[in-house]
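J.: Counting the sequence shown from 1 gives a position; my numbering is that position plus 1222.
Read the hints as simulated data drawn from the structure, not as lab findings. Mixed in with the good hints, there may be bad ones.
[To be verified] Pairwise CB distance ranges (calculated):
hint, residue 1, residue 2, range
1, L1449, V1335, 21 to 29 Å
2, R1262, H1414, 31 to 39 Å
3, G1460, L1424, 45 to 53 Å
4, A1613, W1285, 41 to 49 Å
Beta carbons are placed, not taken as given, at the ideal position from N, Cα and C, and that holds for glycine.
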Amino acid sequence: MFAETLEAVQSSPSKRTAYIRFVLAALASIAVFKAFWFARFGGWTDRELADFDAFHIVAQHVWRGDLDQVYHFDALLKMQMEAAGGATGFMPWTYPPQYDLLLAPFAFLPVGVGYLLFTAATLALYLATLRAIAGRNFAQVLVILFPAMAITIGCGQNGFLTGALIGLVCLNVERRQLLAGLALGAMVIKPHLAIAAGVYLLVTRRWIALGTAAAVVLASSLLCTLLFGGQIWFAWLGAIRESAGYLEQGFYPLFRMISTYAALYKAGLPASAAFWGQTAVAGLALFAVLLGAARGASPAFTLGAAVMVSVMISPYAYDYDLPMVGIGLALMLPDLARMASPRERSVIYGLILFAGAYGLLQSGRLAVQFGQKADPDQHFAPALGGFALMALLILLLRLLWRGTQPAPILPQAAE
């Protein structure tokens, strides 16, 4: 069985150590390679922009005093073309102002150095948090999450940061609600990924954590208003509306998305039908959180399910958001052996692996067949990652419906 093969990773301390070292070495190698790529070293002087390039551009405009312009897509396209030295793929900017403020210090570093620092710091924080939750299952989770972590490093995205923040919520929700609330409040940088965790805190009446999170959001919003002016919020909301139109027209690289919307849209459904499909799946994802609490699953398993379904709620979810799923899997693994059969565990592991690897493999295929600047809209590439997560959600609902009663303890410390 596939599950037994993966679970054999943790069969002995020496084997766990060997797998951990191998995965960490591979991730470090990718990060160093991409640092040279972002720095345009050698033969990479002529390249399209990637996600961290967009972060660097926004950081620069924080200090130039015209941050609101990054939320106007015509102006942002000119900025990106100038940074690329010519034509490049367009990356709309819809992050809230709090994330702009977080990125501001990177404006003082060359893009390659900034990328390496950002990636190394967020990866280290994520790995430390994942290790604290997973304990002896750390090696197994690393193997399953490797494709998702590799693609997150490859584009310089913030999946490690959001995964670590949600992980800190999970580590502290039982005994240190104030810290859990601070971490949840920091998720204002990507609020759609915090909805399910917020619902879990609401259902379990973690009022201190919820109140702290709300205070962080309000305080950070006030700070951004003082620094950038009230117009920054109108600019941000305008960018969200404009990006919704772009999504409806399929202008994003949908094959890299892991949402139901992307899967259905690329399968040929109209945008309206794909949106309603996304709405239905989001409702089922939140129902899974309520079901876990109602059917007697352990707090760790229910919270793990809440974290895992967090990436299934928004139509705008990418493969680089999948490190969060690793946090959910780490929480669920101690109970999963009792609640799921080997075949069910094999499917769970396989779906997570596939969702993380699919976009990476498709990007490689398009680059080999049509060149580095291949347009996926001109070369058909379905969004199968979304179908994988839909299947994962169905399996989670099935496990939660059984109402099995494992040990009700959240993992607090690593082995």
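J.: Quick check: which numbered hints come out false for this structure?
T.: 3
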